[in-house]
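Visitor: For the record, the sequence lines run as chains A and B. Numbered per the working numbering, the first sequence spans residues 246 to 502. Numbered per the working numbering, the second sequence spans residues 386 to 655.
Derived from the structure by calculation, the hints contain no laboratory data. Only a predicted model underlies this, so the values are computations on that prediction, with no experimental measurement involved. It is possible that part of the hints are untrue.
To be verified - Label pairs and their in silico Cβ distance ranges:
1) Q320/A - A471/B: 23 to 31 Å
2) Q516/B - S303/A: 55 to 63 Å
3) T469/B - Q255/A: 25 to 33 Å
4) Q320/A - D628/B: 56 to 64 Å
5) A527/B - R383/A: 37 to 45 Å
6) G395/A - T469/B: 29 to 37 Å
We put the beta carbon where it would ideally sit given N, CA and C, even for glycine.
If you want the building blocks of each chain, they are given just below.
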Amino acid sequence: MPDRLVHLDQLTIQFDDRPVVDRVDLSVRRGDIITIIGPNGAGKTTLIKAILGIQRISSGQISRPSRLIIGYVPQHLSLEATLPLSVRRFMLLCGQSASACEEALERTGVRHLLDASVHHLSGGEKQRLLLARALARRPDLLVLDEPAQGVDINGQAALYELIRQLRDELNCGVIMISHDLHLVMAATDKVICLNQHVCCSGYPADISHDPAFIETFGHQVAESLAVYHHRHNHNHDLHGDVVTATGHQGTCDHEHH
Amino acid sequence: MSIIDSVLSDFFWRALFGGLGVALVAGPLGCFVVWRRMAYFGDTLAHSALLGIALSFLISVPLNLGVIITCVIIAIALVLLSRTKALATDTLLGILAHSSLAIGLVTLSFMPDVRVDLTGLLFGDLLAMNQQDLLWIYGGAAVVLILLAILWRGLLMSTIHEELARVEGIPVERLRLALMLMFSLVIAVAMKIVGVLLITALLIIPAATARRLAKNPEHMVALAVVFGFIAVTGGLSLSWHLDTPAGPSVVVTAFLTFLLVYGTARNASQ
Numbered sequence: 246m247p248d249r250l251v252h253l254d255q256l257t258i259q260f261d262d263r264p265v266v267d268r269v270d271l272s273v274r275r276g277d278i279i280t281i282i283g284p285n286g287a288g289k290t291t292l293i294k295a296i297l298g299i300q301r302i303s304s305g306q307i308s309r310p311s312r313l314i315i316g317y318v319p320q321h322l323s324l325e326a327t328l329p330l331s332v333r334r335f336m337l338l339c340g341q342s343a344s345a346c347e348e349a350l351e352r353t354g355v356r357h358l359l360d361a362s363v364h365h366l367s368g369g370e371k372q373r374l375l376l377a378r379a380l381a382r383r384p385d386l387l388v389l390d391e392p393a394q395g396v397d398i399n400g401q402a403a404l405y406e407l408i409r410q411l412r413d414e415l416n417c418g419v420i421m422i423s424h425d426l427h428l429v430m431a432a433t434d435k436v437i438c439l440n441q442h443v444c445c446s447g448y449p450a451d452i453s454h455d456p457a458f459i460e461t462f463g464h465q466v467a468e469s470l471a472v473y474h475h476r477h478n479h480n481h482d483l484h485g486d487v488v489t490a491t492g493h494q495g496t497c498d499h500e501h502h
Numbered sequence: 386m387s388i389i390d391s392v393l394s395d396f397f398w399r400a401l402f403g404g405l406g407v408a409l410v411a412g413p414l415g416c417f418v419v420w421r422r423m424a425y426f427g428d429t430l431a432h433s434a435l436l437g438i439a440l441s442f443l444i445s446v447p448l449n450l451g452v453i454i455t456c457v458i459i460a461i462a463l464v465l466l467s468r469t470k471a472l473a474t475d476t477l478l479g480i481l482a483h484s485s486l487a488i489g490l491v492t493l494s495f496m497p498d499v500r501v502d503l504t505g506l507l508f509g510d511l512l513a514m515n516q517q518d519l520l521w522i523y524g525g526a527a528v529v530l531i532l533l534a535i536l537w538r539g540l541l542m543s544t545i546h547e548e549l550a551r552v553e554g555i556p557v558e559r560l561r562l563a564l565m566l567m568f569s570l571v572i573a574v575a576m577k578i579v580g581v582l583l584i585t586a587l588l589i590i591p592a593a594t595a596r597r598l599a600k601n602p603e604h605m606v607a608l609a610v611v612f613g614f615i616a617v618t619g620g621l622s623l624s625w626h627l628d629t630p631a632g633p634s635v636v637v638t639a640f641l642t643f644l645l646v647y648g649t650a651r652n653a654s655q
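Here chain B stands alone, though its shape is the one from the complex:
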């Protein structure tokens, strides 16, 4: 094996390892996005990640931290603004999503010294993954998975019937906040894999594919993780062999799996 080969395969394995880590948390969180109809909400948070990056450069904090904090602030702003009911939620989401993306891009243009790979941020730069990124991904994944395991019953119950959950003493509002924090964390780490424009796809496509075959919530989560693994593995192979961009290839694979499952599988429970 030549040196070039071993280096190539080294970053390939790193990308694969990182991608699988993201799929591991995108599965369960993606299910909540689908169940709670938060797809557009996820998109908004993802778009605001770019603003987070610009702000991190501005005040020199680590990128991931800047993204997480910005996402959390935007999420809380969304909750507070939607309570006033002055504007419909989708209008509000549209305003915040695109404004934060635009402000992020404008802010970056004011910093000529900062060299940012914009394409990488928007569409992902999976193959440039380094050791530190892997650390972030698996650290973030561990936090999110442990939180999910602890909060599972309450989260599920408040998704099924919010009032019933409240009456049974489940802290619905605090769980909503916890869920948003987890989203922010996942967006910060998944950005590297698929980019801010495609994160929602990685969250919802595997979950939606899993819905077709699942009989129970936990079953759907497990299947969503499996479909996420398939998307990452397939997408990276595609990218490797056909020299296509990695992030979009992952999403295309996820979409093909979705079509295949919906085209062939009998509906498990409707």
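With the rest of the complex left out, here is chain A:
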């Protein structure tokens, strides 16, 4: 298996002639954690569906090694109430051995729920179950669509930490969508800001400076993120606007951590 797991070249997806994903270039390699952020309707889910191979593309190319195993963690597991299903049965449906399934559940911390009904799980438990299911297939590429939805703040940080550990253990690539900008910035290698096209991409520390990012998410968000992630090499006035060192007049002069 080559190091490069997925490569998108000028990928475009149109719905009724309206581009939802517009000429996106992207590569995921082993060991990468790439997070896609962007406003609602930016085409994030459509883009990862294309990566998963379940979305028809309009133009451009996707290349994947032929034997690539993808572990997918969908946004929701909304189960029909009429379908009785235990955690054990759901895991076994992935076609792996019982011991591999239990090991995966153990790894995501929900092994004790083996005999519980899937209908009774909380949002966080369901996400961990879905993650375990993806894990049991020993994926080369892990694709997650808002993995922390319905998980409380503490749980979210733990979940992102777990995803990072799994990346190290499996030596897989990870690509995910997230809305939790603060957590993303702390836990990701590379961020892609999508708004149909890729507005900007790069390391979390750099991206919050990017004019395209600021335009998409607004000044306040960009500033609050910047506070978390890098030492400022410039100053702010009381409104948070950047002022040059020479034009500094009666405002704060500090370093954020």
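With chain A's structure known, arrange chain B on it following the hints.
Guide: Chain B alone, transformed into the frame defined by chain A:
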């Protein structure tokens, strides 16, 4: 034992044997109808069976074959039409269900030479079951059960989460088609038992009853078969002793079982 008695019991046993054969496949397929919310879809296919019968007379092919082919065509038409999203699925189903039933009835009225027992087709004629019907039922049941066993994991997985199934390499679309083919086959053979108007009941009532007690999909299927057996046996006995129509009696028994189970049993897993 008088001759009349032995003849009576002969057709009674034949009816029972046939009814049990239908319940055997109605159980697992009924579960899919319930899980995938296809009750109205099943109804539409069943109604189109009457059109199938009319067409079989028109072009002289065996009834069962005509029904199966018509059901498959209607099923494919439904899938294609619902993709265009021009009309809501339930509107589309309503249009196709009743139009095909009406076209079937009108077509039959144009064929005065053809003597069709309409009541039997609409409500079932279990007690008129012959050897050939039994052959169809058990042949059809064998095909459906073998297919279900082979396709089980994929069918279940695509019912639980279609996208996840696709990513895992399960051929979701082909399985949907296979499921429709199985429905068409079951409708063609079950028509004899309960009639086109009551087939959906035989599919969904035992499955819904089983849901109350089941902990796992396979458990629910097994229970649905058991409740189907109870409905057929109870319904036929009712019909035998009280001289009630057989098909409706089977459905009434299924319904009573449903009420009993929901009234008394603790919910197994919710």
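Visitor: All hints, please: hold or fail.
Guide: Against the structure, the hints:
no.	hint	verdict
1	Q320/A - A471/B: 23 to 31 Å	28 Å, holds
2	Q516/B - S303/A: 55 to 63 Å	58 Å, holds
3	T469/B - Q255/A: 25 to 33 Å	30 Å, holds
4	Q320/A - D628/B: 56 to 64 Å	57 Å, holds
5	A527/B - R383/A: 37 to 45 Å	38 Å, holds
6	G395/A - T469/B: 29 to 37 Å	34 Å, holds
The structure meets every hint from the earlier list without exception.
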